[in-house]
Every structure is written in C-alpha cells, then in structure tokens.
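Protein chains: 2
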Amino acid sequence: MKKFINSTGSLLDESLLGFAKAHADIIKLNTTPRFIERKNPTTPPGKVALISGGGSGHEPLHIGFVGTGLLDAACPGQVFTSPTPDQMLAAAQSVESGGGVLFIVKNYAGDVMNFEMAAEMLDCPNATVLVSDDISLPKSHSIGRRGVAGTLIVEKIVGAAAEQGADLNTCKILGDKVNSLTASIGVALSSCTVPALGKPTFDLKNDEMEMGVGIHGERGHETLKLASASEIVELLAHKINEELKPREGQSVLLHVNGFGATPLMELYLIYDLAAQFWEKKGLTIARSLVGNYTTSLDMAGCSITLTLLDEELTHLWDAPVHSANLSWGR
Amino acid sequence: MKKFINSTGSLLDESLLGFAKAHADIIKLNTTPRFIERKNPTTPPGKVALISGGGSGHEPLHIGFVGTGLLDAACPGQVFTSPTPDQMLAAAQSVESGGGVLFIVKNYAGDVMNFEMAAEMLDCPNATVLVSDDISLPKSHSIGRRGVAGTLIVEKIVGAAAEQGADLNTCKILGDKVNSLTASIGVALSSCTVPALGKPTFDLKNDEMEMGVGIHGERGHETLKLASASEIVELLAHKINEELKPREGQSVLLHVNGFGATPLMELYLIYDLAAQFWEKKGLTIARSLVGNYTTSLDMAGCSITLTLLDEELTHLWDAPVHSANLSWGR
Chain H
275 MKKFINSTGS LLDESLLGFA KAHADIIKLN TTPRFIERKN PTTPPGKVAL ISGGGSGHEP
335 LHIGFVGTGL LDAACPGQVF TSPTPDQMLA AAQSVESGGG VLFIVKNYAG DVMNFEMAAE
395 MLDCPNATVL VSDDISLPKS HSIGRRGVAG TLIVEKIVGA AAEQGADLNT CKILGDKVNS
455 LTASIGVALS SCTVPALGKP TFDLKNDEME MGVGIHGERG HETLKLASAS EIVELLAHKI
515 NEELKPREGQ SVLLHVNGFG ATPLMELYLI YDLAAQFWEK KGLTIARSLV GNYTTSLDMA
575 GCSITLTLLD EELTHLWDAP VHSANLSWGR
Chain D
275 MKKFINSTGS LLDESLLGFA KAHADIIKLN TTPRFIERKN PTTPPGKVAL ISGGGSGHEP
335 LHIGFVGTGL LDAACPGQVF TSPTPDQMLA AAQSVESGGG VLFIVKNYAG DVMNFEMAAE
395 MLDCPNATVL VSDDISLPKS HSIGRRGVAG TLIVEKIVGA AAEQGADLNT CKILGDKVNS
455 LTASIGVALS SCTVPALGKP TFDLKNDEME MGVGIHGERG HETLKLASAS EIVELLAHKI
515 NEELKPREGQ SVLLHVNGFG ATPLMELYLI YDLAAQFWEK KGLTIARSLV GNYTTSLDMA
575 GCSITLTLLD EELTHLWDAP VHSANLSWGR
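So the sequences go chain by chain: H and D.
Every number in my numbering is 274 more than the matching position in the first sequence, counting from 1.
Every number in my numbering is 274 more than the matching position in the second sequence, counting from 1.
To be clear, the hints were calculated from the coordinates, so they are not data collected in a lab.
Computed from a predicted structure; not experimentally measured.
Do not rely on the hints blindly, as some may be mistaken.
Identical copies go unnamed one by one, so any copy, or any two together, can satisfy a pair.
To be verified - BS3-like, lysine-lysine: derived pairs with alpha carbons at most 30 angstroms apart:
#1 K276 - K446
#2 K473 - K451
#3 K554 - K479
#4 K555 - K295
#5 K302 - K555
#6 K277 - K513
#7 K302 - K554
#8 K302 - K413
#9 K479 - K499
#10 K555 - K277
#11 K479 - K451
#12 K277 - K446
#13 K276 - K513
#14 K473 - K276
#15 K499 - K473
#16 K295 - K276
#17 K479 - K277
#18 K554 - K313
#19 K555 - K479
#20 K446 - K554
#21 K473 - K313
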C-alpha cells in the first residue's frame with residue numbers, strides 16, 4: 275500500500291488538523307468528539323442547522339461543504355466507518371440556534387442507526403433526510419438504496435433554503451423532494467485501497483470494469499469488459515433515464531463525479547457524452563457540476579447523477595456558497 | 275490502460291467540448307485553433323490580457339483558471355505536448371483589448387519556443403513571464419528549472435493585478451517577482467499513464483517513491499524507499515527552505531498540490547505536517563491552498579509549494595476570482 279500517512283490509526287486526526295488549519299477562515303474543528311462546524315458567527319440565529327456526516331475517505335464530502343449556504347456541521351467517522359452518535363449530538367448542540375436540526379444522512383445501516391440514536395438524544399426539534407440516489411440496487415432492496423453523489427445536491431439545495439430562512443419542516447420536505455428527483459450510478463476502473471486493509475478491496479482484470487459500484491470499495495452489480503467512454507455513458511445514462519423518466523423539455527442538473535483517481539480530462543469527456551445523451555432526448559442541461567466531489571479514496575471511476583429541476587430548485591442551486599472545497603462567485 | 279476515452283486521438287477535443295459545455299457561463303471554446311477564453315464581455319477594455327497554456331493532462335491548470343481575476347485565455351496542447359504558436363496567436367488576437375499581452379509560460383523547451391514564436395508574430399505590446407519554481411533541478415541546469423505548481427500562484431496574483439488595472443510592465447515585473455519568491459518540489463508514489471503510450475512512463479516498486487518528480491511522467495532526481503508522511507514532508511520542506519531561506523516572522527503561502535490520484539485526506543495530512551515544519555521555524559502560514567490543481571493525469575503523489583508573501587502579494591492573493599475550477603467567495 276502506497277499512501278502518504280504516518281499510521282492508519284492517526285490518519286484521520288492528522289488530516290482533520292490540516293483541514294482545520296488550511297480553512298481556519300471558514301470552519302473550525304472540534305476534536306473530542308470529532309466534528310467540523312462553521313466558524314462563528316456565520317450561522318444566523320434561528321436558522322435550521324444542517325448536519326451531515328459519514329465515514330471519511332469521500333472528501334471533500336462532507337467536511338468540505340461546511341460553510342455559508344451549505345452545512346452547519348459535519349461529523350467524520352473513520353475511513354468508510356460511520357461516525358458515532360456522540361459526534362452528531364455534540365455537533366447539533368454546538369450549532370443549533372433555535373431553528374431545529376436537520377440531519378442529512380446517506381442511507382447506510384450504520385449511519386442511519388447512529389444518526390437515529392443522536393436524534394433521539396437531542397432535545398430540540400429535528401428531522402432527517404435520507405439520501406438514497408444510487409440506482410444500481412433495485413428500489414426493493416432490503417435496506418433500500420445507498421446514498422452517493424446526489425448527497426451533495428441535497429446539501430446544496432437544502433443549504434440554500436436554510437440560509438434563506440426556510441423552517442425545519444420546509445427543509446425536510448425539500449430534501450426529500452431533491453432526493454426523489456435525483457438518480458446516480460457509478461462505474462469503477464479500479465478498486466480503492468482502504469488504509470487499514472492495506473490492499474484493494476476487490477480485483478479487476480486489466481480489461482474489466484465494475485458497473486454500479488458503491489463508494490466504499492463495494493463491488494457493483496456487474497463486472498463487464500472495459501468499453502469505450504461512449505458505450506459506458508450509454509449504459510449509465512440509460513439506467514438513470516429509465517429511473518427518472520424525464521419528459522422532453524425537462525430542465526436538469528447533470529453532475530459527473532470522479533471517485534478520486536480519474537483525471538478531469540476524462541470527467542469532462544464523460545460529461546460531454548452524457549449531456550449529448552439527454553440533449554438528444556430533448557432535455558435542457560440547465561446546470562452542471564463536474565469534478566471529484568464524492569470520492570472513494572483512490573478509486574478510478576466516476577458516477578453520473580441527474581436531478582430534475584424546477585424553478586425553485588434552480589434558484590436554490592444558484593444561491594452563493596462559501597465552504598472549504600466548494601464555492602462559487604456570483 | 276484503463277481510461278474513460280473513445281480514442282487517444284479524440285480525447286482532447288471531446289474533453290474540451292465537455293469543459294466548454296459545463297462552464298458556458300464563464301468561458302467559451304475556440305476549436306480551430308484550440309483555445310479557451312473568457313466569455314465576453316468579462317475582460318474590461320485596456321486590461322492586460324493574460325494568456326497561458328501548455329500540454330493537457332494537468333487540469334484544472336490552465337483552462338480551469340480562465341475567468342475573472344485570473345487568465346483571459348489558455349491554449350491547451352495535446353497531452354503533455356506544447357500547444358502551437360497559432361493557438362497562442364489566435365488567443366492573443368481574440369482577447370487583446372489595448373493593454374497588451376502577457377504570456378505566462380512554464381519553463382519547458384517546447385512551450386518556451388512556441389510562445390516565443392507567437393510573441394514575434396504578435397503586433398501588439400507583449401511580454402512573457404517564465405515560471406521555473408521546481409527546485410528538484412539545480413538552478414544551473416542547462417535549460418533552467420521547470421515550471422510546476424507555482425504557475426497557478428503566478429497566474430492568481432498577476433491575474434488580480436491585471437484585473438485591478440496594472441499595466442503590462444507592472445504585470446511582467448510582478449510575475450517575475452512571484453516566480454522568484456516561489457519554490458516547489460514533488461514526490462510520486464506512482465507514475466502516470468499517458469493515453470498515447472498506454473502504460474506507465476516509469477515503474478516504481480511497491481516500496482519505492484520518486485523524489486523531485488516532474489508533472490509529465492518524468493523520473494525525479496532520486497528513487498527512495500517509501501517513508502512515512504512525516505519523513506517525506508521533512509525531506510521536501512527542507513529542500514524548499516534551503517532554497518528560499520525564509521527569515522523568522524516571514525509570512526508565507528503554503529500550497530499542497532495533488533498530482534491527480536492522491537486523496538484529499540492525504541493532502542491535508544501533508545499540509546498539516548508542512549505547516550508544522552515552517553511554524554517551528556517561526557514563519558506565519560498566512561495563506562493556504564490544498565487540492566489537485568496542477569495534476570499529472572492519474573499520478574499518485576503531491577508537491578509542496580511555498581511563496582514568500584509581502585503585503586502586496588497577500589492583497590492580490592485575496593482578490594476575488596471566478597473561473598471554472600477555482601473560485602472563492604469574499
């Protein structure tokens with residue numbers, strides 16, 4: 275295993291120290307228990323407090339999205355391991371300012387359970403949005419579909435609404451709406467290597483790719499022969515299209531996400547092919563996001579996410595944000 | 275070779291189409307010859323036109339940095355191959371608006387020659403800043419030192435000055451000043467794979483790392499046994515410190531750059547260790563930049579860049595920017 279680390283045990287804390295130091299203008303780190311929160315006093319009083327979290331190794335998700343117009347706090351677990359309820363509880367107690375707490379949780383058993391425990395212990399109004407945008411598993415899957423790159427879209431849109439003063443119930447309904455209008459699917463060209471394991475979690479031959487892969491080094495639903503970019507995009511986009519069934523003239527947000535080790539050149543090429551796919555179907559690609567946002571350590575691969583937009587969602591997507599790893603000007 | 279491509283011959287053009295489509299609010303693409311320029315009319319009349327370029331495969335450098343407060347145009351060559359003089363000439367003719375042209379060129383023989391040819395053909399005032407921040411080669415090297423991650427720092431600071439109305443001569447002197455105050459050095463854990471070659475350009479054993487590596491898959495000056503992150507940072511930071519010899523109390527910008535396949539978790543850990551190195555020497559880490567900005571396709575590795583700051587440079591670093599892959603709020 276080749277990584278820039280001192281020890282697998284200290285990786286997370288050393289990394290968080292660097293993150294907190296590099297972005298001390300925007301966020302601050304609480305070390306015991308671990309959470310990242312906005313640097314005071316950027317959270318206005320009475321604003322709904324948005325909190326997310328999950329295993330580390332997906333950076334910039336979630337810690338890089340704490341800031342104005344996005345999250346109020348994020349709770350990082352160990353690599354690919356759920357954070358614990360005390361982290362979420364401490365984060366909530368720190369950032370809640372009278373508007374209640376909305377947890378944004380990727381649908382994995384450990385995350386769901388621990389956020390539920392935190393919610394039970396919390397003595398203020400709270401709600402949870404479960405993100406389940408990964409369509410590689412059927413809707414009927416026993417624990418439901420996983421949350422992947424669509425999580426950022428939920429965080430961005432609900433983040434804008436919360437910043438503009440939407441109340442807890444409105445934010446919860448909005449988050450569920452974005453989740454229901456969002457579908458993602460990914461493909462890997464290589465596995466990632468979890469530091470504590472020290473080797474790739476699965477093996478692919480030189481001429482193979484893994485379709486429907488998760489973001490934790492899980493295998494996908496199918497191992498296929500490596501195909502051209504056009505063929506790969508056709509496969510992924512077709513599945514998303516079957517799921518969301520967008521109508522002609524529909525306005526959409528197209529997000530091409532890299533898993534960590536795929537060059538931007540390739541992600542933009544994938545984006546172009548995916549945009550062509552939906553343009554041919556008469557859709558309007560109204561908004562775009564291309565880059566490594568929901569990563570899986572050093573995995574080579576990418577995912578395509580489509581969100582059906584309406585005027586409300588487009589307006590919220592365009593609201594300014596300022597966080598460590600996502601910011602855009604106006 | 276595992277890449278998301280249709281053919282090595284069409285990779286660049288397909289990728290540029292996607293880039294132009296995804297960022298049509300900020301930039302536009304000229305296809306023949308290839309250059310990316312700001313979407314009109316964001317370049318104010320009389321502003322010095324800043325143009326950079328170089329081989330592709332380093333994205334987001336340079337095309338991702340075309341926009342307000344940064345470059346006016348960028349000329350992408352094929353992967354790791356210099357763009358041609360007709361690209362730079364056409365870009366200059368398109369974006370020059372009375373203030374003259376400043377070329378920002380990484381010091382590689384092909385780039386330098388082709389930008390010189392373009393400068394000779396150009397019938398408006400122009401100047402060139404050569405970036406040569408890579409200290410892995412001695413200053414006395416026959417063709418001089420290479421330009422690497424420090425290029426973005428030159429582009430950002432000169433970009434701010436040009437946006438604020440600095441004239442051509444002032445921008446040229448400023449660019450040279452930033453270059454002289456900047457030193458970088460990199461380390462690779464793996465080679466990259468150039469699409470046209472189809473295999474890694476060099477081989478490293480499982481317990482080896484390559485010190486002083488370039489950004490084109492060139493070998494470095496030394497192959498060493500893989501060490502801990504602390505030992506690696508000590509080696510890199512020590513070399514930079516010997517070069518720049520910062521005094522106690524000096525204010526600096528610390529940039530940790532990923533080469534493409536290194537997770538953000540590791541880059542932030544490297545950042546923390548490098549910050550500690552210079553804090554122990556009494557320096558003030560006044561500004562920071564951590565992420566994959568000057569990449570080498572899918573290479574695993576990183577570089578550390580230090581720039582000595584004064585009030586002028588800090589002020590310019592803080593000026594707002596808005597480009598495809600670099601933007602920050604105020």
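Hint check results:
1. Taking CA atoms no more than 30 angstroms apart as the test, K276 paired with K446 passes in neither setting, with 42 angstroms inside one copy and 41 angstroms between copies.
2. Taking the shortest alpha-carbon separations for K473 and K451, neither the intra-copy value of 39 angstroms nor the inter-copy value of 45 angstroms comes in at or below 30 angstroms.
3. Neither within a single protomer nor between protomers do K554 and K479 lie at most 30 angstroms apart by alpha-carbon distance, with minima of 34 angstroms and 47 angstroms respectively.
4. When the C-alpha separation of K555 and K295 is checked against a cutoff of 30 angstroms, the pair qualifies only between copies, where the shortest distance is 17 angstroms, while the shortest distance within a copy is 47 angstroms.
5. Taking the shortest alpha-carbon separations for K302 and K555, only the inter-copy value of 24 angstroms comes in at or below 30 angstroms, while the best intra-copy value is 45 angstroms.
6. Taking identical chains as interchangeable, the C-alpha atoms of K277 and K513 lie at most 30 angstroms apart only when they sit on different chains, with a minimum of 21 angstroms there against 35 angstroms within one chain.
7. Within a single copy, K302 and K554 get their C-alpha atoms only as close as 46 angstroms, which misses the 30 angstroms cut-off; across copies the closest is 22 angstroms, which meets it.
8. Proximity of K302 to K413 under the C-alpha cut-off of 30 angstroms is found in neither arrangement, the shortest distances being 38 angstroms within a copy and 41 angstroms between copies.
9. Taking identical chains as interchangeable, the C-alpha atoms of K479 and K499 lie at most 30 angstroms apart whether they share a chain (9 angstroms) or sit on different chains (28 angstroms).
10. Taking identical chains as interchangeable, the C-alpha atoms of K555 and K277 lie at most 30 angstroms apart only when they sit on different chains, with a minimum of 27 angstroms there against 44 angstroms within one chain.
11. In this assembly of identical chains, K479 and K451 lie within 30 angstroms of each other by CA distance neither inside one copy nor across copies; the values are 40 angstroms within and 50 angstroms between.
12. Taking the shortest Cα distances, K277 and K446 never come within 30 angstroms of each other, neither inside one copy (39 angstroms) nor across copies (39 angstroms).
13. For the homomeric pair K276 and K513, the shortest alpha-carbon distance between copies (23 angstroms) is at most 30 angstroms, but the shortest distance inside one copy (35 angstroms) is not.
14. Both within a single protomer and between protomers do K473 and K276 lie at most 30 angstroms apart by alpha-carbon distance, with minima of 9 angstroms and 19 angstroms respectively.
15. Both within a single protomer and between protomers do K499 and K473 lie at most 30 angstroms apart by alpha-carbon distance, with minima of 23 angstroms and 19 angstroms respectively.
16. In this assembly of identical chains, K295 and K276 lie within 30 angstroms of each other by CA distance solely inside one copy; the values are 25 angstroms within and 36 angstroms between copies.
17. For the homomeric pair K479 and K277, the shortest alpha-carbon distances inside one copy (22 angstroms) and between copies (14 angstroms) are both at most 30 angstroms.
18. Within a single copy, K554 and K313 get their C-alpha atoms only as close as 45 angstroms, which misses the 30 angstroms cut-off; across copies the closest is 25 angstroms, which meets it.
19. Taking identical chains as interchangeable, the C-alpha atoms of K555 and K479 are never at most 30 angstroms apart, the minima being 35 angstroms within one chain and 49 angstroms between chains.
20. In the homo-oligomer, the alpha carbons of K446 and K554 never lie at most 30 angstroms apart, since the shortest distance is 34 angstroms inside one protomer and 47 angstroms across protomers.
21. In this homomeric assembly, K473 and K313 never come within 30 angstroms of each other (Cα to Cα): the closest approach is 37 angstroms inside a single copy and 46 angstroms across copies.
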